[in-house]
Amino acid sequence: MKAPLKTRKEWKQLLTGEINPSIKNFFFQMKITQAKIQIEKKIVPLDKAIEDLQSLCQKFIKANNMYDDLKTIFGPNYEEEDKRSDTKKEENTINLKYDNEWLSTQLQYEKQIMFYKNQLSLKEKALKEKEKLIQLLQEDNVILKKKNNLLYDSIFKINQLEEEELNEQKKSTNEKNWSFFKIFKKTK
Amino acid sequence: MTSKLYTFEEVVAMIKQGMILSLAADERLLKKLPIGNWIAGTIPYFMDEDSCKFDQNKIFVNQIELYNDEYKIEIYDENSIENIVKDTYKNGYTILIIPPFTKIHQNYAIQTEFLDGLYNNPIVGWVSGSDLNSNDVPKVFCGKTNEIFENKAVAIHVSLPDNKFAQVNIVNIFKPNANGDEIKFYNDAFEVSNCMINGRDVNFAEYIMENNIDSKLPLIANYSGASINVCIKEVDIENKKVSFFAPVFKSKSYKLPQQVPNYISKFDEETQNLPSTNLFSCNCVLNYLYGELEGKNIKNVNGPITFGEIAYSLLNQTLVTLTVDNI
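Sequences listed follow chains A and B, in order.
Here my numbering is used: the first residue of the first sequence is 3, the next is one more, and so on.
Here my numbering is used: the first residue of the second sequence is 2, the next is one more, and so on.
Just so you know, these hints were derived from the structure itself, not from any lab.
Treat the hints with care, since some could be wrong.
No farther apart than 25 Å at their CA atoms in a straight line, the calculated lysine-lysine pairs in the DSS-like style are these [unchecked claim]: (1) Lys87(B) with Lys50(A); (2) Lys61(A) with Lys73(B); (3) Lys256(B) with Lys26(A); (4) Lys300(B) with Lys64(A); (5) Lys44(A) with Lys87(B).
The shape of chain A in the complex, shown without the other chains (with noise of 0.2 Å):
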């Protein structure tokens, strides 16, 4: 045998005078007649009082009476409806857990996706970073081939013009050794 839960709304309606139930076990009659008493004059909190007297007629259950007043008070089916009450809120506590775990996985989750998303934007910039130092490198080899090929060219034509200096060079030496030559022909 169980007495009513605590958070059942009888007990408030019981010591504010809301329902008079008619009560037999004497304990009983006297306590709500003390805790209304006590409840009016502030001497005693609404829900101290509710507590106080739902532990009491816990333990004096099986006095005279106390069952089946307690059955008149809060319907013949209490106990019953309490434990699907009692059911129910551990459904929800196991709800809730599970509600809570499940939202911390969340969290944890989403934190994970911010850093990826960090590290992806941060991934994104320095690919553009990259890209624009590629261009920019791109950019100067252009340049430096244009730079390369003028150097080229201008070594070419360094080069050419040596060569047909040295090949004047060598043609008027040529001439020069013919002309002693033919001198030094008409010498002899």
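We have chain A already, so just place chain B on it with the hints.
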């Protein structure tokens, strides 16, 4: 052991055996008892095995059975009586004996309305008395210290194991007259002048006289279904005052009862459902007198007939019983 009247010699033997006892008898017998584990109050009226009787030669004995060897005897004065609740065990009961018409009697009666924790364990007991045709002063005794008091109370607190619980039951043969006048008082008091009758300010002594109200009838208040009596001690027409054997409370509405033609048949009717394993019982001397109970037997109940009964609060004209049951 049966709760009943025993000879002086039988009680001395019980005390010497170390029994824990709650006693009731004429003071001349109690004064001669040896030191021991007992408390007592003076009274020569009893509900014995065979009938209700006046007896100054025997002692009424309630033996206290111990279930876990824990008990204590305490003495209270008018200031310390509020500690009675703190002195109780987590699970158990208390038998309290108070001398009448004293400050402690008044304080206990009025304080119980607000005493926090009063209902955690049953407190039962009685108000000591004397031969109504004598000038003896009612007293209480503490056998443990061999002390006698006219203005202090004595209590025995008994512990119970978790598989047992004590419970109080009362038998009030009076029922309020639902159509009667509603009486309300201005203060919590043992004596009043004026009151409100159906919302009108009236002198209560004049009201009693003018309406030919039988002052043997108690005033009855409804405590969430329990009928709680307050008996009239004296109607003083000259000073226009009425005094009571217990206090009237400002917070309560009172009604006069219907007449009870035959007290004994009403008691028989009401006590037939009581468990026969009463550990303690007492009844009011006014029921004994007004109901002419002398020589008549109240079924299932033995105990002293007293000047006031205690069942948590101070009651009047009520039969009180205490039982210990298994959980």
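Problem - Numbers of the earlier hints that this structure fails to satisfy, in rising order - result: none
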